[in-house]
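Starting from the structure of chain Y, add chain X where the hints point.
There are 2 protein chains.
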Amino acid sequence: MKKGHQVTMKEIAKKLGVSVSTISRALKDSPELHPETKRKIVEMAKEMNYQPNLLAQSLRISRTKTLGVIVPEITSHFFASCISGIQDQATTRGYNIMICQSNEHLELEIANIKTLVSSQVDALLISLSRETNHYEHLFELYNREIPFVLFDRVQEDIPVSKVTFNDVGGAYQVTKHLLEVGCKRVMYVSGPEDLYISKKRKEGYLKALSEFGVAEDPSLIKITDLTTEGNMAVAKEILQMDNRPDGVFCMIDPVAVEVMMHWKSQGIRIPQDIALAGFTNNPAAAVVEPPLTTVLQPGYEMGKLAVSHLLDQLDGIASDDPISIVLETTLIPRKSTEISH
Amino acid sequence: MKKGHQVTMKEIAKKLGVSVSTISRALKDSPELHPETKRKIVEMAKEMNYQPNLLAQSLRISRTKTLGVIVPEITSHFFASCISGIQDQATTRGYNIMICQSNEHLELEIANIKTLVSSQVDALLISLSRETNHYEHLFELYNREIPFVLFDRVQEDIPVSKVTFNDVGGAYQVTKHLLEVGCKRVMYVSGPEDLYISKKRKEGYLKALSEFGVAEDPSLIKITDLTTEGNMAVAKEILQMDNRPDGVFCMIDPVAVEVMMHWKSQGIRIPQDIALAGFTNNPAAAVVEPPLTTVLQPGYEMGKLAVSHLLDQLDGIASDDPISIVLETTLIPRKSTEISH
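Residue numbers (UniProt numbering), protein chains in the order written: chain Y, 1 to 341; chain X, 1 to 341.
Hint data in this document are derived by calculation from the structure and do not stem from the laboratory. Every clue listed holds true.
Here are the computed lysine-lysine pairs in the DSSO-like style, where the Cα-Cα straight-line distance is at most 27 Å:
#1 Y:Lys335 x X:Lys264
#2 X:Lys65 x Y:Lys114
#3 X:Lys335 x Y:Lys264
#4 Y:Lys114 x X:Lys114
#5 X:Lys335 x Y:Lys335
#6 X:Lys264 x X:Lys236
#7 Y:Lys335 x X:Lys236
#8 Y:Lys65 x X:Lys114
To list a few chain X residues with every Cβ distance to chain Y over 10 Å, as calculated:
#9 Tyr142
#10 Glu203
#11 Met241
#12 Asp246
#13 Leu314
Note that CB positions come from ideal geometry on N, CA and C, so glycine has one too.
Here chain Y stands alone, though its shape is the one from the complex (with noise of 0.2 Å):
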C-alpha cells in the first residue's frame, strides 16, 4: 500500500469481496448483518489500517440540508426543468438546493465541485459538461465518501448511481414513426458525433432502420455543431442534395426547429415535401407550425428521481450500492411528420 494512502470502504470491499454498503453497515455495527461477518470486516478494516474519513463522517452527523446541483446549462429548458424536479422532491423531504452551472466547461465543473463540497453540501447531483473528458475531481469526491449521483450526462465507469434516459428507445420510437408514415429516406441529423447522446440516438436510429430493412446510408447522416451556424448549414445542405431524404429526424429540438424556419423561408412544404421530427419536447416544438413530432424526455421526473434515490442513500433506506434508473421516452407525433396518402 503506498504511504500516506488512505484505504477506502471500497478496497475493504473488494478485498473481501463484499457489498461496499455491507461494509459500511459492519463498521457502523448495524444489527442486519451477521456477527461473524461484522468480525470479519472489521478486523479486515483494522489490518488495512482503515480510517473513516472525518470530513465525510461529519457531513453525515451534522447535516446542513442542503444538496448542490451541478448542471451543464441552465438555459437549457431540459435541464430546468430536472431542477424543478429536483427542488420539488428536495423541498418535500426538507432540504434545500444549491445549483451550480458549469457552462459546458470542465474547469468550472471542477470549480463548482470545490464552491459546493466546501459550502458542506450533505450530497452532490451531478450531469457532466460536454468538455468532461476525464473524471479524477469524480473519483476524488468518491473516494471522499462525499456522497453523488450522476444524472442525464453520465460517465459509466464511475461506481455511484446513474439515472438516464432510454435514449436509444426514444430515437428508435421516432425513426420508427417515419419509416411508418411512409419516409423511404430517413436521415439523421446528429450532434458531435463524441456526445454519449449522439451516439446513443444513432444507435436506435439504425436499429429502427435495420428492423425496416433499410440499408445503412452514409449521406443520410449529417452532423451539426448544434450552432445556429451548423443547423442552418445542414439544413442548407440537405436541400442542394441530388437525392433529397423524405424525413428528417433532428437529435434535439431547438435543431429541428431551425431546421424548419430555413426550409419554410425556402418555400419547402413540411410534410408533404419532408417530415421532419426532433427529440426532447421543448416548449417551442408544441408551437411552431407545423407543431413538431418529438420525444417526450421527462426531465422533472429524472430530477425526482434522482433525488429520491439520493437522499434514500443519505438516510439508509436504500443501499450504497450503485445502482441504474432508465426512464423510459415517449413519443409525441404532431403535423410535422402527419403524410396522408
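Okay, now just chain X, sitting in the frame of chain Y:
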C-alpha cells in the same frame, strides 16, 4: 436605544446626515476623507456604541469568492438568461456562483437566503418571489451588512442597489406600435394586478393611448392569472366580445403564444382579424406562425450589470450608496402586427 440593539452604519449616517459609504470609509480610515470628517464620525460611532458586525467583517476579509443568486424560477427563459449573464461576468472576475430558486414562494426565499448566508457567500443577487409582500428577511440581511443587490423583481424601500427594466417604456413602445399600424381598439392583457410588472406595463399602455388621444376603456383590459387555463379563458372571452379589439398586447410572451394557438384553432387570422404582441422576446416568439411582435428585455445584460455593480461595491470601486440602474427595452416588430392597408 433599545437594549441588545446593534447600531448600524446606517443609523450613524442618518444621525450625521452623511451617506453610509462615508461612514464606512471613515471607519476604515480612508485617506479620501477630510481628517475632521473622520474624527466626527469615529466619535459618533463610539458615542453610539457602534460595533462592527463581526460576521460581515469576517466575510469581507476571508472571501469565499462565491456569490449567491436567488431567482423566482429557473425554468423561465428570462431568469435563465439573467443567470447566464451573472455567471459569465462573475467568472470573468474570478467568482463562482451558487443559485437558489424560490419557486415564487416567500418561505423558500427566506430559506434560500439562510442557506446561502450559512454557506458564507460574499454577497447576494436577489430577484423577489411573486409572494414576497413583507421584507424583514431583506432588512435583516441589510442590517447584518451582507452586501446584496436586487434585480428585476425589486422592492423600492430596501436601501440597496437595484437593476430593473424600463417596463413603462417597453409597454409604451409596443402599444404605440399597435396604434401606429392602425389598430383602433387596443387591449392590454395583464397578469395579476398586484404584480409590479402588471402595473408598470399598464402605465406604459395608458401613456401611449393618452398620447394618441384614445380614451381608456375598462372593457379593453383583461386579467389572467398567467396559468394556461387563465390564458385560454381570456383568449375565449375576447372572441366572444361584441366589440372585439383589433390589437392585443399581452403582458408576457407565453400568454400571447397561448392566445395565438387558441385563436388559430378558431380560424382567427393574425394580424388581419386581430393584431397580437407580447413582451420579453422568449425563444418561442420568433418561431410561432406568424412570428410574434414583442419587446426585447435583455436579461443577460441585466445579469452582467448587476454582478459588475455588486462586485464594484464589494471591491470598493463603487460607493456603497444604493443606486438604481434602469435598462432600456427594444421593440421587435414581427408579422403578428404587420397589417397591410
